[in-house]
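Q: In case you want the letters, here they are:
Protein chains: 2
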Amino acid sequence: MSKFLHPVDVAEAVATSRHIAPDFVPEDVPADCATGRVLCEDVIAREDIPGFDRSVVDGFAVNFEDTTGSSESIPALLNCGGRVSMGAPEQGLVVSRGRCAYIPTGGVLPEGADAVIMVEHTERAGDTVLVKRPVVYGENVLFHDEDYRRGAVILQAGRRLTPQDTGVLAACGRTSVAVARRPVIGIISTGNELVPVTATPGPGQVRDANASMLAAYLNEYGCDPLHYGIVRDEYRSFEDALSKALPECDAILISGGSSKDDRDMTAGVIAGNGEVLVHGITLAPGKPTIIGRIGTTPVFGLPGHPASAYVVLIVVVLPLISHMLGEKKPCLRTTRAVLGDSLPSQKGREEYIRVRLEERIAYPVFGKSGLLNTLVNSDGLVCIPAGCEGLEKGCEVDVILW
Amino acid sequence: MSKFLHPVDVAEAVATSRHIAPDFVPEDVPADCATGRVLCEDVIAREDIPGFDRSVVDGFAVNFEDTTGSSESIPALLNCGGRVSMGAPEQGLVVSRGRCAYIPTGGVLPEGADAVIMVEHTERAGDTVLVKRPVVYGENVLFHDEDYRRGAVILQAGRRLTPQDTGVLAACGRTSVAVARRPVIGIISTGNELVPVTATPGPGQVRDANASMLAAYLNEYGCDPLHYGIVRDEYRSFEDALSKALPECDAILISGGSSKDDRDMTAGVIAGNGEVLVHGITLAPGKPTIIGRIGTTPVFGLPGHPASAYVVLIVVVLPLISHMLGEKKPCLRTTRAVLGDSLPSQKGREEYIRVRLEERIAYPVFGKSGLLNTLVNSDGLVCIPAGCEGLEKGCEVDVILW
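Chains as they are written, first to last, in the numbering used here: chain R, 14 to 415; chain Y, 14 to 415.
Just so you know, these hints were derived from the structure itself, not from any lab. Hints may contain errors.
Which copy? The list can't say, so a pair holds if one copy fits it or any two copies do.
[Stated by the list, open to error] Capping the alpha-carbon separation at 16 Å, the derived lysine to aspartate or glutamate pairs in EDC-like fashion look like this:
(1) K381 x E152
(2) K406 x D354
(3) K300 x D354
(4) K381 x D66
Same shape as in the complex, but just chain R (with noise of 0.2 Å):
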């Protein structure tokens, strides 16, 4: 039952973690809170946008054959026949050949006029307006389908919407959108060394802090945390917070103990509601890692240590979570520096390092992966994969941000 003599290496994990992950619900919500959520329908442009020509200066619509060759020297003479105000078409106003009108930005492009030339490069002489540089057809206007055509696809499903997009959400017409409902993740905390944060631990214990980092960053990802408290390592306790979790969650992550009894704890219970898939990734830190499954919800035992629990959260829960919002990968942000030091690193395991930027530059950050301050005091993970022996300082590797 126990596949812990045989840990699967990250990518096999991976695909587990995406092959159980249950398929994203769609929900409509209001366009103005759609920020950070993912998309699931295509988002079609029903109109041109912006929907006729637009000045984008302040100038004078012309035909732009009336500018050919025009100079400070030789300006082209062209007789204002009106202005157009914002907001509104100008009725009966058009400009013909040897005629000009006055445009300010965002205003309708006159009937006649092909171009607008900045006020800058002209001069008024009464009703004669100087024209001083030639412009070329188009010149300085939006056309009317320049930003978005009819029918065009605007926003792709899948994709996370940024503050911009809600601008063109709003430029659409659209106050609602259909999203990824935010995945309910259970979070079961194991460990008879654990309190909660409002006690004061006694000899031997410490407050459970792995579940509010879990959650925090379940939250900021996109999904709905709840927590279902602390469980002795007792089978039946443990039993008990699961039947209550499973009915209520998208997906469960226990927290472990960081025991092995808590492990094999954990595992058993797994495997005796459901079905153990992986117990055991060939993963630096992060190696006691189990997903499993219980009727269609997936369920995770996350090692103890912090440090150990955040690099399997990235790594291999954030596939399963990112499927279950529709998206295509997991949206990590990352950047590209240069390592400070060497990492060792042990062939045949996939290992994540702490790391600390300064100035582009990466600087390992060791420390034992029970210690919290490791992850305050780091702003990513450096991978070393599972082929390689290690990496040397200078070389440039990606940046998995917190």
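Once you've looked at the hints, dock chain Y against the given chain R.
A: Chain Y only, in chain R's frame:
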């Protein structure tokens, strides 16, 4: 009154923006809602963490000197004197010389012991444990104050709290924490061409995209945006909107119509009720930006083109907001990339070019600043400093990510 004829450089505009920023106002929030908020206090360790000497592996607690010289072929023989339970120190369990005790990960190091040998490097024979390699003093032990010492500063004021910080707060028993109150930022849209998102634009009209985009960005950054609707280009309605917004907001953004008339109106109304400090910045896009103050409330006039408004928000308004949050500088995500194309620029103005990232190469996204699609199809901005005539293809640049 108008300083438009003497635009200031970006450094002066940013200095003005920070200078007029109100100070942050602290508020207590539950620690588990504090991720992303900016801390207003130094968080101090009120006790040692973890608080007792713990094992970081499953193994045997020993006196390290008893293992000196041990090997596979000549193991050290120790008498196993008991077992450490999780969550409580064993009464009376003492590891004297020649003895050891089983200890799970996270267990309390028993009296007398000073190191832990991993179970993998031992063999059990009844009450005797064969130790097959030596350990040094403190090996596999997390000392009582190794994570944080009582009195140490764990998190510094001004820090934007991460999920792992939330974990540390839990570890110290902090259930609430003082963070900067979210500044309330009013947004007034002006421009006779603008209609609300819910309207169908008539001829010459467009929907107000900028207000939604600005609000979404501000909300993500940690503000509470408040909409005051669309105001027509008339002095009185403009003043009415301002006098409604002033008592309710910590700062006000006037999302400009795009014409010169509209900019003049904005400057006129700010000057008529307070003072215009900056009118025009040597910034592209974003030149026609206004910075002013009515009473003690900062009021910004932003350009009407969406891309210009976005650049001004990031470059000029964010320094104000970050001051209001107690941050030393704006928290902008950046990444290093190689420029995929040469960027010419005019000396004497700071220019921001939208770029699309592909495999660490930043390709410029050219296009009129009135186009929303250039914002949606780009990943961030590259800055060309004012003293520079452009950047060569192939050079390394920092990209400010959306």
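Q: I'd like to know which numbered hints this structure contradicts. Please list them from smallest to largest.
A: 3
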